[in-house]
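Line order of the protein sequences matches chains A, B and C. Under this note's numbering, the residue at position 138 of the first sequence is numbered 138, and the numbers go up by one with no gaps. Under this note's numbering, the residue at position 127 of the second sequence is numbered 394, and the numbers go up by one with no gaps. Under this note's numbering, the residue at position 3 of the third sequence is numbered 653, and the numbers go up by one with no gaps.
By construction, these hints were calculated from the structure, which means they are not laboratory data. These numbers come from a predicted model, not from an experiment. Keep in mind that the hints are not guaranteed to be accurate.
[To be verified] Pairs of lysine to any residue, SDA-like flavour, derived with a Cα cap of 25 Å:
#	chain 1	residue 1	chain 2	residue 2
1	B	Lys-279	A	Glu-83
2	C	Lys-802	C	Gln-683
3	C	Lys-794	A	Gln-123
4	A	Lys-255	C	Leu-973
5	A	Lys-258	C	Ser-977
6	C	Lys-802	A	Val-229
7	A	Lys-198	B	Ser-385
8	A	Lys-258	C	Ala-815
9	A	Lys-159	C	Val-846
10	A	Lys-242	C	Thr-796
11	A	Lys-186	B	Lys-313
12	A	Lys-159	C	Val-843
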Amino acid sequence: MDVLVCVKQVPDPETKLRVAPSGKALDTDGVKFTINNTYDEAMVEEALRMKEEFGFTSVRALSVGPARAEEALRATLAMGADEAVLVETPPGMELDPLFTARLLAAAAADIPHDLVLVGRHAQDDEAGAVGSALGEYLGLPSYSFVTELTPVAASHQLKMRRYLEGGEEVFSGPFPAVLSILKGAKDPRTPTLPNILKARKKPLKKIPVKDLEAKVSVLKGGFQPTSAVTSFTLPPPRSGAKMLEFQTPEEAATKLLKVLKEEAKVL
Amino acid sequence: MAIDFELTQEQKELQELARRFARDVMAPRAAKADKLGEFPEDVYRKAWELGLMNLNVPTEFGGSGLGELDQCIITEELAYACGGMTTSISANCLALQPINLAATKEQKERLLKPFCASYNLASFALTEPSGGSDVASMKTTLKREGDEYVINGEKVFITNAPHASIYTLFATVDAARRHKGVTAIVVPRNTPGITVGKDEDKLGHRASATSSITFENARVPVANRLGEEGDGFKIAMNTLDSTRTPIGALATGIARAALDHAAKYSLQRSSFGKPIGEHQAIALKLADMAQKVTAARLLVWYSAWLADQGKPVPMESSIAKCFASDSAMEVANEAIQVFGGYGYMREYPVEKLLRDAKLTQIYEGSNEIQRLVIAKELLKRFA
Amino acid sequence: MTLSILVVTDQRDGHLKGASLEALSEARRVAAQAGGGEVVAALVGSGLSAVIEEAKTRGVNRVLVVDDEHLRAFSASAYAQAVSRLIPKLTLPWAIFLPDSALGRELAPRLGALLGAGTATAVVEIHADPAGKVTVKRKVFGGKATETLELKGTPVLSLRPNSFAVDAPAAGDPPVEKVELGALPVHAQGVAVEKVVSTRGDTPELTEAAIVVSGGRGLKGPENFVMVEDLAKVLGAAVGSSRAVVDAGWRPASYQVGQTGKIIAPQLYIAAGISGAIQHLVGITNSRCIVAINKDPAAPIFKVADYGLAGDALTILPALTALVTKSKGP
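Pulled out of the complex, with its shape left as it was, chain A reads as follows (with noise of 0.2 Å):
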């Protein structure tokens, strides 16, 4: 039994924002990338748990990106994956979600695979689509949000908790499957310097993006993405509060709850 993680590559989250010139995307020159995403780090745990507690036989790492992904992959086998495949994407290309599922979908039917990990979302994008639509496309169920994970092999079952708002779930469901990993259930390691260094040498894979084209175009969606993104915009600097006007507390509070929800959206 195998598992496959599935991870990516975001811009370090304290990098100082910047539009692109083309208006719709975030400017990546200067860019610090962050070797992973930090949900990633959380499942790629869990995954490795899965192999020193449950008898998984190995770990392998999958991810979508441009040249620079592979570092995300290297750390990923730092911290204790076994191999890593890179389905590398030209400069420019544009990617979504789905499409980027779709990728991922094609490069993992030739990766053994009993349980498919991803992250909660990605800290750039925040879609947190790519898993259950990986479901979909591999013909798989998808669980999502999961807090615990115990895979019971001889049925092929895992018992799990998901979140779902204001609580958790106690469920079960057949594997292979594809996980979406909310919680660990340890802390992720930090890779070790000798293990970077033998990280080095475990096989990495690299598949150009083209050589999916045929087995992409057959899924719903096809080759390319089914969204794009026409403006990437930052929000004006702070220039000074406004201020509310009130006579009693009760109406600095019914004013301040409208603003909140109406117009700043965060309620």
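For this one, chain A is given, so just place chains B and C on it according to the hints.
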């Protein structure tokens, strides 16, 4: 294209590991450890677990087997979070380098391998009360009796001494022979006759422990001697040649922290209607600070790169150490000025940087000694 | 031809959640914006009779129902299949809306993949033009940027909770049609729920919370700090403080927000009785929305805040707590 400043992918990953460790483990502890003079042993243990401690020991003996440039990249990142903790973490590299350089295979198997296999600290015991830089005048004695040496004397300012399990000691078999009498030997901490003095109350590097060690008829097997009698001076000098550049990297980390704090603050703090960073008085300061940090790093990298090519670096390593540590002092000083009154307060992080920077001008060869070395090497070319 | 917006609701705990009501209301607005069209509520699950009655009061044109024992436990795969059975019932399927709840977030992309449609999660604005083009806005990079997306096919959108207004219930008797689930593929079978465990009442971590309420010296004394905690509780927020509060010993150092405390970036930061020393401001500038409550209208906190209330936190905090409690209902 004979010159290339791009780090390898592997170096970037080591840098990222060190950066994360510095940010997540060291930085949250730095202010408190500094204030209370704590020795955060759990931090050091974690550094060992991650392989950030015995960087210069070959992998076959349980170290990380890194070259000097790799060590410098890591050291700068660690020092960005706390200079004192970095000194304690790096002290093993200094103490173990004599073993790397001069021990036999049997000695390395016996002394290095078990040491590196678990969390252990080592101290480099060279400096004496009468002075550090004048090695040939040392007074601690080694007297041979059969298969043992009997050690008598005192070493001072020894980093990690209260917590170390072994000391690499430099003592003389015959003071009259001056530097030709200096001999290196590995001394287990639990040897009877060893007294470790009180933990010194220091200006900076307060997360590191420093104390004296007194030897009174302490007996150590001859089998622990590194090289021959009289080889010690050369071993000590060669060791210091290889650890000098990383001290420059440590100073660069402190300087970079000071610059970053000052630059960020200069955009947050406003006076006369705009951020102080947009006033020329502050902008010019920041520009000077940035020049010093960048130049220090390049000198460090150049010296380390040369050393990794197997080239001797007496002048380059002294230039790197001296320039980087002087720069750290200047940049930290200016950072306080940028913060104004707040910078003088311990609540803010910059005054600590000044105190930490100061030591880098003094230890592992004071900057006066470095300048003498640089001048001597320079004049050789014209003599 | 009638354009149809299908709204798949989330009734996982037995009634229509707030986010589902938002999706239904927004669908009506978008349909009107696009020059008229029908809003069809899609109820998918098991044992739905009460929810059907609830949905009928929400101004929808039709209610489509897949009520089947096999849908008792939520399976994104099975639910996506169920929704796909409803598509042929629409004259001209134009968009599918879902709430961006845990259920909706998982179901929307799966449905998008099943249909091969453009999909966007956690959208905060939806625009339709009469030509049928759909554009949406969503927040990215922790709320620090906004992207606008154009979507192909019959777009599947999950709507971020608390982002859209909810219309009052309307009288009406829209037709209800039940649709058979039919056979499910293997990957849509076999999920069983054992139990639901409530985790309400857990206080989130200061650095992870979506909302943080902080108090400062303007609260006058430690006995009043509970007002901050009360508001945080009803908002599901974490509690923070200024350095002065920690220095005065009202709360431990773990509460401190600022340069020497915790650096935070919540969606909403409410600073009550905090004047805004630069030390504190450094820790909060990445917040998406900052609200300041302070007696002194010249306090520096108002310079970085989005909304300001120049008044006494001691009276405004309880009023806010009461109003939030009331708006959440029993």
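Please flag the earlier hints that this structure goes against, numbers listed from lowest up. none
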